[in-house]
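Novice: Starting from the known structure of chain X, arrange chain A on it as the hints suggest.
Protein chains: 2
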Amino acid sequence: MSITHPQGFLAAGVVAGLKSTGKKDVALVVNEGPLHVGAGVFTTNRVFAAPVAWSRQVIADSRVDAVILNSGGANASTGPEGFADTHRTAEHVAEVLQAAGKDISAGDVAVCSTGLIGVRLPMEKLLAGVDSASAALSADGGDDAAHAIMTTDTVTKQSVATGEGWSVGGMAKGAGMLAPGMATMLCVITTDAVITEEQASALLAEAVRTTFNRVDSDGCMSTNDTVLLLASGASGVTPDEADFQAALTQVSAELSRGLVADAEGASHDIAVTVVNATSDDAAEAVARAITRSNLFKAAIFGQDPNWGRVISAAGTVPEDVAPFDANLLDVTINGIQVCRGAGVGDDRDLVDLSGREVRVEVDLHAGDASATVWTNDLTHDYVHENSAYSS
Amino acid sequence: MSITHPQGFLAAGVVAGLKSTGKKDVALVVNEGPLHVGAGVFTTNRVFAAPVAWSRQVIADSRVDAVILNSGGANASTGPEGFADTHRTAEHVAEVLQAAGKDISAGDVAVCSTGLIGVRLPMEKLLAGVDSASAALSADGGDDAAHAIMTTDTVTKQSVATGEGWSVGGMAKGAGMLAPGMATMLCVITTDAVITEEQASALLAEAVRTTFNRVDSDGCMSTNDTVLLLASGASGVTPDEADFQAALTQVSAELSRGLVADAEGASHDIAVTVVNATSDDAAEAVARAITRSNLFKAAIFGQDPNWGRVISAAGTVPEDVAPFDANLLDVTINGIQVCRGAGVGDDRDLVDLSGREVRVEVDLHAGDASATVWTNDLTHDYVHENSAYSS
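Residue numbers (our numbering), protein chains in the order written: chain X, 243 to 633; chain A, 243 to 633.
So, partial list: chain A residues that the calculated Cβ filter (under 7 angstroms) puts toward chain X:
{"hint": "1", "residue": "Arg288"}
{"hint": "2", "residue": "Gly321"}
{"hint": "3", "residue": "Gly360"}
{"hint": "4", "residue": "Thr465"}
{"hint": "5", "residue": "Ser554"}
{"hint": "6", "residue": "Ala568"}
{"hint": "7", "residue": "Gly585"}
{"hint": "8", "residue": "Asn628"}
If you're looking for bench data, these hints aren't it; they were derived computationally from the structure.
Backbone N, C-alpha and C define an ideal beta-carbon position, used for all residues, glycine too.
Isolated chain X (complex conformation):
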């Protein structure tokens, strides 16, 4: 159940003192090969953190030897000095691993950071943490690494999928500020399958498109979102591409579903599925408009199957983005079709919203494409966690 399940990877998670809580806050993942294929997907926010700028350069040649991750500071909006800190971290990782006999260059060390924006990292602590993490590297260190990247997460997010002789493992963190263009989070996925650089890049993008990019907890896009895929080829097995895509997507789906389930202050996980749209994009746009509606999200918190708020959110999507006849909209909430033909449907009192999971289906009657976007309800605890503490 961790990133060290696939062969060819070492990992560690240690306490470096970046977090005031004294919990693990530095993670290191090393790909021992024989392959060192790497791919990444990053936030589309134009305001992005120094480690994102750095890691984009690292993956440009599709090679990643190691990933160093820290919680306790995002290293975002920290200027050229922040970028220098990231660079120095990668160089230190390379030096320490070289001293341990590994053939790793700083330009192949990806860096991920998460925590407060606008604050420089305490570099002495971080570099000492790199030393500790290097010393602690182990073939079953994945779980420690998953703990070290947690911020407000209450549980680790880990997943494994296995093929015939190969496997995919993943870890992620993120418990708020989940949004399109990728949930706010860090994620590292490993595999021992033999795949090419082109496959790594294309298959990761496809997996992210329908998983991480379709969780939208609060519509806010972070400066640090990163998903990395590292392939070691250590199994020696070249998988069927469709099988590998399926495994990669499964791990991505489980991790992203885990992010929603652990979202800050949420009391409901809500899957909004739009069916019979003219295209995937149209379906996703309508689903996203609904998952972005504070009124809808507050209604679900109040266990109110308020279909009026669902269709009025759907109606804000421009016609050219999602063609449909607004008079034909049907809305089904947890199995009860409460809105039929944009008007009153079955008895709304039949809808049971007492459980954690809520399923909303909107039928556009316009085509045959569909998409699901996951979100959370808007609760008192969300407001509390995001107003009482800076982040």
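Specialist: Relative to the frame of chain X, chain A by itself:
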């Protein structure tokens, strides 16, 4: 201070029993001429209420004789039957006013409704209310009318601006679900100035663009938004067009500012001004991205001058929509430049967020255009009011 300040208008607000509270819930406004110029701006939501469909037809010929407004029911998502109810209401208004000796046809009676979606209006009560309102029409009935359109509003919103021999008066309702494409609300503006149909339409659109369309309390667009302008010409004075535009915009600005000040559950009114953008549209897009950020809005509730959440929201606006260099962003909150060059600026502890009004200025350093969008903070009371009660 009311819509009956300009000459040539009668108004009334009565209790028809649509509201369970027993408060006034039906308003009637009659333009006695000599001109009967009318213009309107409506919600751009593709899911729109029956009265919006009807009133769009009414203003098509730029003539409006009367407006009937009700709270206690939005008549949205009520199907063909709901449209028939609106039609019947307009016909009843015309009949009653004709019986009172006025030359008014149903096709020139605009209808506005506000309240719950998906519920038919109690037509017997509403039509009896029309009778009462007609009997109560008075040249100083504006204040009663303003009371009759209130829903969760705690105060009426009224405004008057005067020119040389003419004036503009306005009333509005709305205390939640304020969003672009127009704040969710009903608004009637009257004037006794002599203006043409073309002026009414163009000058109203311009006034709405920079006022009602720039308040965005919670990002949710309603099904019933309507702003109507009625010109009686009763002053006999033809105003300078720029003077009239200024007065119309002033009334629209005061009313829309009043909507923000009375927004459901808010504890801060927040003006986000984006300066030095390449265009008005670019400035507005960036301002709107910030006013839509739940994280930013929750931070202001917590009196946290969190500039990181400001610039990370700005960074979500695509480059082609708003060209700017993300490394140059400055953020000033209540006079303190807390972020300079996308990094740490002056001491954030100097920012005083204890007052109701908050001013956030974002400098894009890209051009010379600017725009201000008003919003509210995200509070426990917002969640409570929108989860505990259906609407």
